[in-house]
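Protein chains: 2
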Amino acid sequence: MGKSQRTFVKAFAPATVANVGCGFDVLGFAIHGPGDSVSATLSDKAGVRIVSITGEDGKLPYETEKNTAGLSVLSLLKKAGKEHIGIELRIEKKMPLGSGLGSSAASSAAAVAAVNHLLGEPFSQMELLPFAVEGELAASGTPHADNVAAALLGGFVLVKEHNPPDVIPLPSPPELYCVVIHPHIEIQTRRSRQILKKEVLLEKAIRQWANMGALVAGLFREDYSLIGRSLHDEIIEPVRSVMIPGFQGMKKGAMEAGALGCSISGSGPSLFALTRGESDAHRAGEKMGDVLKEIGLEFDLHLSEINRKGAVIEEER
Amino acid sequence: MGKSQRTFVKAFAPATVANVGCGFDVLGFAIHGPGDSVSATLSDKAGVRIVSITGEDGKLPYETEKNTAGLSVLSLLKKAGKEHIGIELRIEKKMPLGSGLGSSAASSAAAVAAVNHLLGEPFSQMELLPFAVEGELAASGTPHADNVAAALLGGFVLVKEHNPPDVIPLPSPPELYCVVIHPHIEIQTRRSRQILKKEVLLEKAIRQWANMGALVAGLFREDYSLIGRSLHDEIIEPVRSVMIPGFQGMKKGAMEAGALGCSISGSGPSLFALTRGESDAHRAGEKMGDVLKEIGLEFDLHLSEINRKGAVIEEER
Chain Y
7 MGKSQRTFVK AFAPATVANV GCGFDVLGFA IHGPGDSVSA TLSDKAGVRI VSITGEDGKL
67 PYETEKNTAG LSVLSLLKKA GKEHIGIELR IEKKMPLGSG LGSSAASSAA AVAAVNHLLG
127 EPFSQMELLP FAVEGELAAS GTPHADNVAA ALLGGFVLVK EHNPPDVIPL PSPPELYCVV
187 IHPHIEIQTR RSRQILKKEV LLEKAIRQWA NMGALVAGLF REDYSLIGRS LHDEIIEPVR
247 SVMIPGFQGM KKGAMEAGAL GCSISGSGPS LFALTRGESD AHRAGEKMGD VLKEIGLEFD
307 LHLSEINRKG AVIEEER
Chain D
7 MGKSQRTFVK AFAPATVANV GCGFDVLGFA IHGPGDSVSA TLSDKAGVRI VSITGEDGKL
67 PYETEKNTAG LSVLSLLKKA GKEHIGIELR IEKKMPLGSG LGSSAASSAA AVAAVNHLLG
127 EPFSQMELLP FAVEGELAAS GTPHADNVAA ALLGGFVLVK EHNPPDVIPL PSPPELYCVV
187 IHPHIEIQTR RSRQILKKEV LLEKAIRQWA NMGALVAGLF REDYSLIGRS LHDEIIEPVR
247 SVMIPGFQGM KKGAMEAGAL GCSISGSGPS LFALTRGESD AHRAGEKMGD VLKEIGLEFD
307 LHLSEINRKG AVIEEER
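So the sequence lines, in the order shown, correspond to chains Y and D.
Going by our numbering, the first sequence opens with residue 7, and the numbers climb by one from there.
Going by our numbering, the second sequence opens with residue 7, and the numbers climb by one from there.
Isolated chain Y (complex conformation) (with noise of 0.2 Å):
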């Protein structure tokens, strides 16, 4: 591949949901709607910088060594030997941090998607994981790559190792459908974290592993019964439920309307559902909606399609 003459490249990378169901810490995937644009631009000065960041109110920081997309690129230039050039960062947050939807990872993914194709694309999107899980482990001190590997390829993405990251790319079948609500309230990763033991029965361990190889089976036929009957967690959920206000009422609304399967997304607060078909969808939003309505609590609510495509070009020049 020859020089590239791209001057900016702008990248998107979209919120994705983490620890679904029995995958709890191994498996994640894309949503759409909300998530994250880079924009790399190449500049004289040598070294990467950060010069924008909106629509996080200042939370994040500019320091290239403590921001998860600055740490990713960093990690991606290292690798290919281009330490010398220089790159400024535009990082545009277009989702809430600490949602549960992954928002470090939606901008570490589009930060190296768009370095890389400025570049000339010297690496291919699996290449690219493990310059984003660097960053991720900077933002919350663990590498987790369920969130990030989602952002970046898009689809149901099975984690089986972290750091370095053995990523198998599983696939969304056509007619799933994602529910993602988000209550405006705050739960710390880290706390999340501290309150789960750190021992399960080994009968409940069993009954995850069975329904992690059911579910991964059911992707694989596009068998939405068995899509349902596996999507269960016995394990984190019953833990961590109890820190988000509504959880029981949201979920027996959402399978009440017909999902597939509901739980936490990532550490939470936000929730998802699965359904097979929009309408289902639509009408387990609704009543999860609903049960916040009552607790007086404001949320966002996202309904899409599983998103294939993970991060994306969404500009160049």
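Copies of the same chain are indistinguishable here, so a pair counts whether it falls within one copy or spans any two.
Straight-line Cα separation of at most 30 Å, DSS-like style, residue types lysine-lysine; simulated pairs: (1) 210 - 166; (2) 166 - 203; (3) 204 - 166; (4) 258 - 203.
Derived by calculation from the structure, the hints in this document are not laboratory data.
Starting from the structure of chain Y, add chain D where the hints point.
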């Protein structure tokens, strides 16, 4: 379907490997070679009688209500509304008891397959499962469907629920070969269950369900490398393998010979290894046998493709 004119049917069901790596309690597959034959003969005298059992040194009960094959047939006849008919069962054990290769499951599966055919096949192979599970329940005290599902259906099977069974047949990649080695020692299934801890570390359970999902994906994709990367069991194998003399040496030998994975079959003492292609299977089997020869243990060695047929009719008139 009209009334069957048959008066005699003999069926065969194969030996099976359960607890396949990360799929403890939920994943099994069938092999070629060892297995049991059961014949069913219509009789004028109402009731189910076991009239002969061969190949097991008198260890199995002739009382229908205490014999797994007998119980399975009683359960079938009850559901079919045929409790009034007379059936004589002849059981030919062609595989050792207590080997970890699903001996009682093979008898149950062959028995229900034979009687179902005798009756003109009122049930599909999948519909026969609950009957065979009832027989297994009597044998082991807990309902376990992994051996019996593989013995009936063939191929790889994922058992999402044991009783009533919810079983998902999985693809069996064409180049997959299996080595089973059965050291001639005895392990009590009950004891091998007792030594398991009731709780497991969450981080290990997470790796187990990541591997489980990845293994299922590997089977669907015919991705032998992914199958190999996923065939790990960090939870059960470390505890149970200490009961099997030479386990570590056999596993090391199999892996050095190119096996994709190697672990305990059922609750032991047999080991299985999966390979890509026949020649690796031969080399793995040789290496495993060498270890047992060195410590002076006799053994049986079986090499085969995955058995995709399950229970089959051998003879009828």
